[in-house]
Amino acid sequence: MRTKTLLLTAALSAAGVASSMAQGTVFSVNAVGYVNTTVGPKYSLISNPLTSSDDSIGALFGNGIQGTVPDGFQVFRFTGTGFTIATYDSLAGAFGPATSASQQVHPGEGLFVKNPTTANVTITFVGEVSQGTLANIYPKGLSIRASQVPQAGKADALGFVGVDGDQIFQFNNATQQYSIATFDGLSNAWAPALGTLDVGQAFFLKAAVGGSWNRTFSVNQ
4 MRTKTLLLTA ALSAAGVASS MAQGTVFSVN AVGYVNTTVG PKYSLISNPL TSSDDSIGAL
64 FGNGIQGTVP DGFQVFRFTG TGFTIATYDS LAGAFGPATS ASQQVHPGEG LFVKNPTTAN
124 VTITFVGEVS QGTLANIYPK GLSIRASQVP QAGKADALGF VGVDGDQIFQ FNNATQQYSI
184 ATFDGLSNAW APALGTLDVG QAFFLKAAVG GSWNRTFSVN Q
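Here this note's numbering is used: the sequence shown runs in plain steps of one and ends on residue 224.
Mixed in with the good hints, there may be bad ones.
Label pairs and their calculated CB-CB ranges [stated by the list, open to error]:
id, residue 1, residue 2, range
1, Asp187, Asn223, 13 to 23 Å
2, Leu189, Thr71, 27 to 37 Å
3, Asn191, Thr121, 17 to 27 Å
4, Phe86, Ser56, 36 to 46 Å
5, Phe86, Lys143, 15 to 25 Å
6, Leu94, Ala122, 17 to 27 Å
Listed below are the simulated BS3-like cross-link pairs for lysine-lysine, each with C-alpha atoms no more than 25 Å apart in a straight line [what the hints assert, rightly or not]:
id, residue 1, residue 2
7, Lys45, Lys209
8, Lys157, Lys209
9, Lys143, Lys45
10, Lys143, Lys209
11, Lys143, Lys157
12, Lys45, Lys117
Calculated from the structure, these hints are not laboratory results.
Note that the Cβ used here is the ideal one computed from N, Cα and C, for glycine as well.
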(Lines of atoms letter the chains of each structure in order from A and count residues from 1; the text may use other names and numbers.)
(Lines give C-alpha, C1' and ligand atoms only; values in the text may rest on other atoms or scores of the structure.)
Protein backbone atom coordinates (compact mmCIF):
# COMPACT_ATOMS: atom_id res chain seq x y z
CA MET A 1 0.00 0.00 0.00
CA ARG A 2 1.23 3.47 -0.88
CA THR A 3 -0.27 6.54 0.73
CA LYS A 4 0.15 10.13 -0.37
CA THR A 5 -0.96 12.74 2.14
CA LEU A 6 -1.99 16.26 1.15
CA LEU A 7 -3.47 18.26 4.01
CA LEU A 8 -5.01 21.70 3.79
CA THR A 9 -6.19 23.93 6.62
CA ALA A 10 -9.74 25.13 7.02
CA ALA A 11 -10.57 27.83 9.58
CA LEU A 12 -8.02 30.45 8.49
CA SER A 13 -7.38 28.83 5.09
CA ALA A 14 -3.72 28.43 5.96
CA ALA A 15 -1.99 25.86 3.76
CA GLY A 16 0.83 23.52 4.63
CA VAL A 17 -0.34 21.27 7.48
CA ALA A 18 1.49 18.26 6.06
CA SER A 19 4.80 20.04 6.42
CA SER A 20 3.74 21.56 9.75
CA MET A 21 3.37 18.09 11.23
CA ALA A 22 7.08 17.69 10.71
CA GLN A 23 8.17 21.28 11.34
CA GLY A 24 5.58 22.56 13.82
CA THR A 25 4.48 25.62 11.84
CA VAL A 26 0.78 26.18 11.19
CA PHE A 27 -1.64 29.07 11.40
CA SER A 28 -4.91 27.28 12.08
CA VAL A 29 -6.32 25.30 14.98
CA ASN A 30 -8.58 23.22 12.74
CA ALA A 31 -7.01 21.33 9.85
CA VAL A 32 -8.94 19.63 7.10
CA GLY A 33 -7.86 18.18 3.81
CA TYR A 34 -7.46 14.83 2.13
CA VAL A 35 -5.36 11.67 2.15
CA ASN A 36 -4.89 9.59 -0.99
CA THR A 37 -4.48 5.93 -0.11
CA THR A 38 -3.41 3.64 -2.95
CA VAL A 39 -4.13 -0.07 -2.49
CA GLY A 40 -2.79 -2.80 -4.71
CA PRO A 41 -4.63 -5.88 -5.97
CA LYS A 42 -6.07 -8.38 -3.48
CA TYR A 43 -6.19 -7.54 0.24
CA SER A 44 -4.91 -4.50 2.15
CA LEU A 45 -5.33 -3.43 5.77
CA ILE A 46 -6.13 0.28 5.90
CA SER A 47 -7.78 2.91 8.09
CA ASN A 48 -9.83 6.06 7.80
CA PRO A 49 -7.22 8.71 8.74
CA LEU A 50 -9.58 11.72 8.90
CA THR A 51 -12.90 12.59 10.53
CA SER A 52 -15.67 13.59 8.13
CA SER A 53 -19.37 14.40 8.40
CA ASP A 54 -20.17 10.82 7.36
CA ASP A 55 -17.72 8.09 8.31
CA SER A 56 -19.87 5.25 7.00
CA ILE A 57 -18.36 2.66 4.67
CA GLY A 58 -20.74 3.70 1.89
CA ALA A 59 -19.69 7.35 2.11
CA LEU A 60 -15.96 6.72 2.61
CA PHE A 61 -15.58 4.31 -0.31
CA GLY A 62 -18.62 4.97 -2.49
CA ASN A 63 -20.28 8.01 -3.97
CA GLY A 64 -18.99 10.80 -1.74
CA ILE A 65 -16.20 13.27 -2.42
CA GLN A 66 -13.89 10.29 -2.05
CA GLY A 67 -14.94 8.93 -5.44
CA THR A 68 -16.05 5.50 -6.54
CA VAL A 69 -14.16 2.22 -6.28
CA PRO A 70 -14.36 -0.48 -8.98
CA ASP A 71 -17.17 -3.01 -9.25
CA GLY A 72 -16.77 -5.84 -6.77
CA PHE A 73 -14.54 -3.86 -4.38
CA GLN A 74 -15.11 -5.19 -0.87
CA VAL A 75 -14.71 -3.75 2.62
CA PHE A 76 -14.40 -6.10 5.61
CA ARG A 77 -15.14 -4.68 9.08
CA PHE A 78 -13.97 -6.86 11.97
CA THR A 79 -16.58 -7.49 14.69
CA GLY A 80 -14.33 -9.25 17.18
CA THR A 81 -15.42 -12.71 16.07
CA GLY A 82 -15.77 -12.32 12.31
CA PHE A 83 -16.32 -9.82 9.51
CA THR A 84 -19.24 -7.89 8.08
CA ILE A 85 -18.75 -7.42 4.33
CA ALA A 86 -19.83 -4.56 2.09
CA THR A 87 -19.46 -4.99 -1.68
CA TYR A 88 -19.60 -2.23 -4.29
CA ASP A 89 -22.07 -2.74 -7.14
CA SER A 90 -21.26 -0.40 -10.03
CA LEU A 91 -24.71 -0.88 -11.57
CA ALA A 92 -26.45 0.19 -8.37
CA GLY A 93 -23.76 2.80 -7.71
CA ALA A 94 -23.60 1.81 -4.06
CA PHE A 95 -22.29 -0.64 -1.49
CA GLY A 96 -24.49 -3.42 -0.22
CA PRO A 97 -25.97 -4.73 1.88
CA ALA A 98 -27.15 -1.44 3.40
CA THR A 99 -26.59 -2.67 6.96
CA SER A 100 -22.89 -3.16 6.23
CA ALA A 101 -22.52 0.00 4.12
CA SER A 102 -23.96 2.12 6.94
CA GLN A 103 -21.40 1.02 9.54
CA GLN A 104 -19.17 3.81 10.81
CA VAL A 105 -15.36 3.67 10.64
CA HIS A 106 -13.69 6.40 12.67
CA PRO A 107 -10.00 7.37 12.89
CA GLY A 108 -8.17 4.80 14.98
CA GLU A 109 -10.15 1.90 13.53
CA GLY A 110 -9.09 -0.26 10.61
CA LEU A 111 -10.54 -2.37 7.82
CA PHE A 112 -9.56 -5.03 5.33
CA VAL A 113 -10.31 -4.06 1.75
CA LYS A 114 -10.17 -6.32 -1.30
CA ASN A 115 -9.28 -4.81 -4.66
CA PRO A 116 -10.61 -7.29 -7.26
CA THR A 117 -8.69 -5.75 -10.16
CA THR A 118 -5.07 -6.15 -11.24
CA ALA A 119 -4.44 -2.39 -11.04
CA ASN A 120 -3.88 -0.10 -8.08
CA VAL A 121 -6.93 1.69 -6.70
CA THR A 122 -6.65 5.11 -5.09
CA ILE A 123 -9.09 5.99 -2.32
CA THR A 124 -9.32 9.63 -1.24
CA PHE A 125 -10.31 10.31 2.36
CA VAL A 126 -11.57 13.83 3.05
CA GLY A 127 -12.01 15.28 6.52
CA GLU A 128 -10.48 16.85 9.59
CA VAL A 129 -7.33 15.90 11.50
CA SER A 130 -8.08 14.55 14.98
CA GLN A 131 -6.61 16.80 17.65
CA GLY A 132 -6.58 17.24 21.41
CA THR A 133 -6.55 14.42 23.94
CA LEU A 134 -7.19 11.25 21.94
CA ALA A 135 -8.12 7.83 23.31
CA ASN A 136 -8.23 4.80 21.02
CA ILE A 137 -9.85 2.18 23.25
CA TYR A 138 -9.26 -1.45 22.32
CA PRO A 139 -10.53 -4.74 23.79
CA LYS A 140 -8.65 -7.74 25.07
CA GLY A 141 -7.93 -10.06 22.19
CA LEU A 142 -8.10 -9.20 18.51
CA SER A 143 -9.06 -5.86 16.99
CA ILE A 144 -7.94 -3.76 14.04
CA ARG A 145 -6.29 -0.51 15.10
CA ALA A 146 -4.57 2.47 13.51
CA SER A 147 -3.17 5.84 14.48
CA GLN A 148 -5.92 8.41 15.04
CA VAL A 149 -3.51 11.02 13.64
CA PRO A 150 -2.52 10.92 9.93
CA GLN A 151 1.19 10.38 10.49
CA ALA A 152 3.57 7.64 9.41
CA GLY A 153 5.76 5.82 11.91
CA LYS A 154 6.09 2.75 14.08
CA ALA A 155 3.14 2.16 16.40
CA ASP A 156 5.21 2.72 19.53
CA ALA A 157 6.65 5.96 18.14
CA LEU A 158 3.06 7.08 17.51
CA GLY A 159 2.19 6.57 21.17
CA PHE A 160 1.10 2.95 21.43
CA VAL A 161 2.32 1.48 24.74
CA GLY A 162 2.68 -2.29 24.72
CA VAL A 163 1.85 -4.68 27.54
CA ASP A 164 3.65 -7.98 28.07
CA GLY A 165 2.28 -10.49 25.58
CA ASP A 166 0.72 -7.95 23.20
CA GLN A 167 1.13 -8.83 19.52
CA ILE A 168 0.95 -6.61 16.45
CA PHE A 169 0.26 -8.17 13.03
CA GLN A 170 1.23 -5.91 10.12
CA PHE A 171 -0.15 -7.01 6.75
CA ASN A 172 1.90 -6.71 3.58
CA ASN A 173 -0.14 -6.18 0.40
CA ALA A 174 2.69 -7.34 -1.85
CA THR A 175 3.22 -10.68 -0.08
CA GLN A 176 -0.32 -11.04 1.37
CA GLN A 177 1.30 -12.12 4.64
CA TYR A 178 1.71 -10.79 8.18
CA SER A 179 4.81 -9.65 10.03
CA ILE A 180 4.27 -10.41 13.73
CA ALA A 181 5.92 -8.60 16.65
CA THR A 182 5.44 -9.47 20.34
CA PHE A 183 5.96 -7.12 23.28
CA ASP A 184 8.30 -8.43 26.00
CA GLY A 185 7.60 -6.78 29.34
CA LEU A 186 11.01 -7.75 30.74
CA SER A 187 13.01 -6.06 28.00
CA ASN A 188 10.28 -3.44 27.44
CA ALA A 189 10.65 -3.90 23.69
CA TRP A 190 8.99 -5.41 20.64
CA ALA A 191 10.61 -8.45 19.06
CA PRO A 192 11.23 -8.39 16.24
CA ALA A 193 11.18 -4.62 15.86
CA LEU A 194 7.96 -3.08 14.61
CA GLY A 195 7.72 -2.02 11.00
CA THR A 196 6.78 1.49 9.91
CA LEU A 197 3.10 2.16 9.33
CA ASP A 198 2.19 4.36 6.39
CA VAL A 199 -0.42 7.09 6.81
CA GLY A 200 -3.80 5.34 6.69
CA GLN A 201 -2.38 1.86 7.31
CA ALA A 202 -3.90 -0.33 10.03
CA PHE A 203 -2.80 -3.47 11.85
CA PHE A 204 -4.28 -6.35 13.79
CA LEU A 205 -3.69 -6.02 17.52
CA LYS A 206 -3.89 -9.05 19.80
CA ALA A 207 -4.00 -7.42 23.22
CA ALA A 208 -3.13 -9.34 26.37
CA VAL A 209 -5.55 -7.05 28.22
CA GLY A 210 -7.90 -4.30 27.11
CA GLY A 211 -6.48 -0.81 27.07
CA SER A 212 -6.35 2.58 25.42
CA TRP A 213 -3.91 4.02 22.90
CA ASN A 214 -3.69 7.55 24.25
CA ARG A 215 -2.17 10.56 22.62
CA THR A 216 -2.34 14.33 22.85
CA PHE A 217 -1.91 15.95 19.46
CA SER A 218 -2.13 19.38 17.89
CA VAL A 219 -1.17 20.54 14.42
CA ASN A 220 0.59 23.42 16.20
CA GLN A 221 3.12 21.02 17.75
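Against the structure, the hints:
Range check, Asp187 to Asn223: about 36 Å between beta-carbon atoms, so the 13 to 23 Å window is missed. Restraint check, Leu189 to Thr71: a C-beta distance of roughly 50 Å breaks the suggested window 27 to 37 Å. About 44 Å separates the C-beta atoms of Asn191 and Thr121, a value inconsistent with the hinted range of 17 to 27 Å. The hinted range of 36 to 46 Å is not satisfied by Phe86 and Ser56, whose Cβ atoms lie roughly 26 Å apart.
The beta-carbon spacing between Phe86 and Lys143, approximately 19 Å, falls within the hinted interval of 15 to 25 Å. At about 20 Å, the CB distance of Leu94 to Ala122 agrees with the hint of 17 to 27 Å. Restraint check for Lys45 and Lys209: the C-alpha separation of about 23 Å stays at or below 25 Å, so the hint holds. For the given pair, Lys157 sits about 16 Å from Lys209 by alpha-carbon distance, which is consistent with the 25 Å threshold.
Between Lys143 and Lys45, the direct Cα distance comes to roughly 29 Å. Violation of the 25 Å bound is thereby established for this hinted pair. Taken as a hint, the Lys143 and Lys209 pair is honoured in the structure, with Cα atoms around 7 Å apart against an allowance of 25 Å. At roughly 21 Å between alpha-carbon atoms, Lys143 and Lys157 fall within 25 Å of each other, so this suggested pair holds. Of the supplied pair hints, the one linking Lys45 and Lys117 holds, its CA atoms being roughly 5 Å apart against a limit of 25 Å.
Of the hints listed earlier, those the structure fails to meet are numbers 1, 2, 3, 4, 9, in rising order.
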